[in-house]
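Student: For reference, the chains in residue letters:
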Amino acid sequence: MDTLVHLLHGFATVLQPVNLLVLLIGLVLGLIVAVLPGLTLVMGVVLALPFTYGMGVIPATILLTAMYVSGTYGGAFTSILFRIPGEPIDVPLLWDGYPMARAGEPALALGWTLFAALAGGLFAAIAMVFLSGPVAVVALSLSTPEYFAVIMLGLSSVVSLGGSSLPKALISLSLGLLFSSVGTDPTYGEPRFDFGISILEDGIEYLLIMVGAYGLGEVLTRMEQRTTSANLTSVGAIRTKLPSLKQAYAVKSSLIRGSVVGFIIGVIPGAGATIASFVSYGLESQYGKRRRELGTGIAEGIVAPQSAATASVGGAMVPLLTMGIPAFMLQGVQPGPHVFFKSGDLVFAVFASVFASVIGMCILGYFAIKLLVKVLAFPEAVTSAFVVMFCFMGAMASRSTSGDLWVIVSFGILGYLFERFRFPIAPLVLGAILGPLAETSFMTTMISFSNDWTVFFTRPISGAIMALVVLALIYPFVSEWMTSRKRRSVETTTT
Amino acid sequence: MAILDLARRVGPFLVVFCAAAWLWTVAESFAISTRLGRAGPDLWPKIVLLLMLGAALWGMAEALFKRRPETDTSILIANATRAAGHEEDARQDLAADAGDPADRRPIFAISGMAAMLGYVAVISYLGYAVSTFLLLLSIMLLAGYRRPFLAALISLIGCLVFFVVFQRIVYISLPLGVGPFKELSLTLMALVGVR
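Protein chains in written order, with my numbering: chain B, 1 to 495; chain F, 1 to 195.
Just so you know, the hints here were simulated from the structure itself, not pulled from any lab data. Ideal placement from N, C-alpha and C gives every residue a C-beta, glycine not left out. The reader is advised that the hints may include incorrect statements.
Only pairs whose alpha carbons sit at most 25 Å apart, straight line, appear in this in silico SDA-like list of lysine to any residue [said to hold, decoys possible]:
{"no.": "1", "chain 1": "B", "residue 1": "K241", "chain 2": "B", "residue 2": "T296"}
{"no.": "2", "chain 1": "F", "residue 1": "K46", "chain 2": "B", "residue 2": "W453"}
{"no.": "3", "chain 1": "F", "residue 1": "K46", "chain 2": "B", "residue 2": "S410"}
{"no.": "4", "chain 1": "F", "residue 1": "K46", "chain 2": "B", "residue 2": "T454"}
{"no.": "5", "chain 1": "F", "residue 1": "K46", "chain 2": "B", "residue 2": "T184"}
Over the 12 Å line for every Cβ pair with chain B, so calculated as not near, a few chain F residues [as the list claims (entries may be wrong)]:
{"no.": "6", "residue": "A2"}
{"no.": "7", "residue": "L4"}
{"no.": "8", "residue": "L6"}
{"no.": "9", "residue": "A20"}
{"no.": "10", "residue": "E62"}
{"no.": "11", "residue": "F162"}
{"no.": "12", "residue": "V178"}
{"no.": "13", "residue": "G179"}
{"no.": "14", "residue": "P180"}
{"no.": "15", "residue": "L184"}
{"no.": "16", "residue": "T187"}
{"no.": "17", "residue": "A190"}
{"no.": "18", "residue": "V192"}
{"no.": "19", "residue": "V194"}
Turn these sequences into a full structure, and let the hints guide you.
Tutor: Structure follows, in structure tokens:
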């Protein structure tokens with residue numbers, strides 16, 4: 001009952017005129033970012049971060065949440081209508097959404113994405129409200145060894161995030177961790193890796209790493225490819241037709257499966273909507289009632305990936321609120337389980353903003369999509385130039401030092417080199433964000449337990465989490481071994 | 001050709017290995033102000049460097065001995081698409097989003113880097129407005145925009161908008177430049193109502 005009362009307070013906060021305006025701006029920006037092929041969703045959110053400096057913590061969080069939620073949905077339109085996935089999230093939508101549109105039902109295909117995004121998003125929002133609190137209570141009872149183990153679990157997700165080369169993912173992760181250790185050591189106050197350069201003495205802000213590697217790196221890669229804008233011929237024909245209740249009831253299994261899978265994958269730090277979308281489509285092809293018809297343009301092929309993508313946002317809120325959210329840290333709110341008890345109003349405002357974003361996104365998607373899709377015709381060269389300026393703006397807004405501009409360009413070049421040599425960027429950013437938390441909890445444990453590193457494995461909770469870490473690390477090898485064994489047996493049967 | 005290909009595959013890992021080894025020697029020199037036997041400020045960086053050294057060695061070994069083609073998709077995505085029978089579709093759709101490697105022209109990326117580095121180098125001399133105008137224009141042209149006059153107009157409007165946002169919305173002091181560029185910046189500031 002308390003939860004519902006708090007949630008109502010959260011809605012009252014979100015529905016204040018200023019916050020509602022911020023929500024609308026976030027939704028529109030998220031849809032535009034998702035539609036534009038040159039901009040990724042993560043990049044869009046990262047570029048918006050510096051603008052939140054001047055805002056209060058609640059509007060800032062509402063803006064970023066709205067952007068992220070609507071970003072998981074906007075690209076569906078370009079995927080289904082033009083076969084242009086605005087985001088990798090939308091690639092699975094091509095496989096059934098585009099054939100359905102080609103078969104003369106583009107409005108219904110768009111209606112299915114709307115229905116899936118709404119249902120998946122609301123499911124995850126409800127699950128988030130009721131699960132985050134208990135997770136925070138459990139988190140409060142943990143000590144530094146357990147914290148370190150939880151962070152290790154987050155870091156171990158690089159195995160699933162990185163490309164097929166695990167060494168590259170690990171190098172990327174260790175670089176992120178190393179960059180986070182530049183500057184004054186948090187335990188002893190000793191300078192590290194600053195090489196006498198004043199810019200490095202205060203450390204490298206993870207925001208500069210994120211904005212540089214994702215934003216400038218992507219622009220440099222796009223400049224190398226010199227991609228052009230899309231040729232739109234059928235924008236005038238866009239409309240959305242919602243499925244009937246009977247049709248919607250028929251896909252309930254796909255919807256539930258997609259939403260649950262999306263929520264669970266969202267909880268894994270750094271995994272996000274893209275993996276949720278692909279995995280949900282994969283599961284549909286294995287367990288769906290009409291799995292043999294997948295790929296021919298059936299509703300299940302749209303509902304499964306779209307519901308999972310939107311549901312992953314709700315899942316992502318659980319670790320973000322219990323472990324850390326950049327917008328919170330930028331606003332001086334210490335993230336972690338305490339935030340539930342010290343800043344309960346804030347947390348429930350975030351929850352309410354997820355609900356409002358899901359509903360607002362669908363309303364906006366239904367009525368304004370014809371206008372939004374027109375941004376596809378915008379020249380990518382112009383978008384790139386403005387992305388660069390937004391990145392520099394982020395660097396200037398962060399500490400107002402010109403040294404940060406050098407840092408951000410350096411990370412832009414590093415991001416480009418990562419793309420060029422096919423090193424994944426996500427582990428680098430994950431390492432830079434979680435690095436300071438990992439080091440502090442590790443060093444505190446080592447000092448408190450007289451350098452006894454076995455404590456991470458002998459304490460029941462941290463031991464269990466570390467076992468999960470080991471499982472996450474060996475999973476790719478087991479998976480690869482099983483796949484190659486299966487392939488060999490198929491080859492033997494066919495010969 | 002085979003040696004070039006090998007160098008391309010092993011090179012990045014070798015660079016990482018050498019860099020990590022050098023950083024290890026740097027970490028050795030951190031001032032240790034703790035009691036003997038207690039974990040010092042070098043411990044965490046050394047653990048990270050060990051991970052980096054190990055990963056670089058592993059990468060080199062893989063590049064030398066493994067023939068499996070590398071993909072950009074994560075293991076979870078690869079498994080899911082394989083299960084759905086869309087492995088090839090996913091590869092093509094994701095590759096289409098990334099562009100054809102054959103069409104890549106690194107000279108434009110390198111020029112883009114030069115433009116960005118140049119921007120940071122000259123911003124304190126030319127001031128924010130002029131250097132931003134030049135950067136916007138050069139990025140647009142380098143990224144393939146073929147209408148220079150329109151690009152110049154968009155750059156002009158863009159740099160003025162950014163100038164106003166910095167001065168009137170996020171309140172961040174900008175480099176004014178020197179000499180005539182400072183005069184120009186001060187005039188612009190007066191125009192947007194900043195004294």
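Student: Indicate, hint by hint, whether the structure satisfies it.
Tutor: Hints, verified against the model:
Of the pairs offered as hints, the one joining K241(B) and T296(B) holds, with about 19 Å between alpha carbons and a cut-off of 25 Å not exceeded. The hinted pair formed by K46(F) and W453(B) meets the criterion: a straight-line CA distance of about 15 Å does not exceed 25 Å. Distance check on the hinted pair: K46(F) and S410(B) sit about 24 Å apart at the alpha-carbon level, within 25 Å; holds. Restraint check: the Cα-Cα separation between K46(F) and T454(B) comes to about 18 Å, which is no more than 25 Å; the hinted pair holds.
Taking the CA atoms of K46(F) and T184(B), the gap is about 16 Å. The hint holds against a cut of 25 Å. With a least beta-carbon separation of about 19 Å from chain B, A2(F) lies farther than 12 Å from that chain, consistent with its non-interface assignment. The claim that L4(F) lies off the interface holds: its Cβ sits roughly 15 Å from the closest Cβ of chain B, which is beyond the 12 Å cut-off. Non-interface status of L6(F) relative to chain B is upheld: no Cβ of that chain comes within 12 Å, the nearest being about 14 Å off.
The beta carbon of A20(F) sits about 8 Å from the closest Cβ of chain B, which is not more than 12 Å, so the claim that it is off the interface is violated. Not every beta carbon of chain B lies more than 12 Å from that of E62(F), the smallest distance being close to 6 Å; the non-interface claim is violated. The beta carbon of F162(F) sits about 6 Å from the closest Cβ of chain B, which is not more than 12 Å, so the claim that it is off the interface is violated. No beta-carbon of chain B is positioned within 12 Å of the beta-carbon of V178(F); the least distance is around 14 Å.
At roughly 19 Å, the least C-beta separation between G179(F) and chain B is larger than 12 Å, which holds for a residue marked as non-interface. With a minimum CB-CB distance of about 21 Å to chain B, P180(F) clears the 12 Å threshold, and the non-interface call stands. For L184(F), the non-interface assignment is confirmed: its Cβ lies about 19 Å from the closest Cβ of chain B, beyond the 12 Å cut-off. Every beta carbon of chain B lies more than 12 Å from that of T187(F), the smallest distance being close to 21 Å; the non-interface claim holds.
Look at A190(F): its CB is around 21 Å from the nearest CB on chain B, clear of 12 Å, so calling it non-interface holds up. At roughly 16 Å, the least C-beta separation between V192(F) and chain B is larger than 12 Å, which holds for a residue marked as non-interface. Its beta-carbon lying about 16 Å from the closest one in chain B, V194(F) satisfies the requirement of being farther than 12 Å from that chain.
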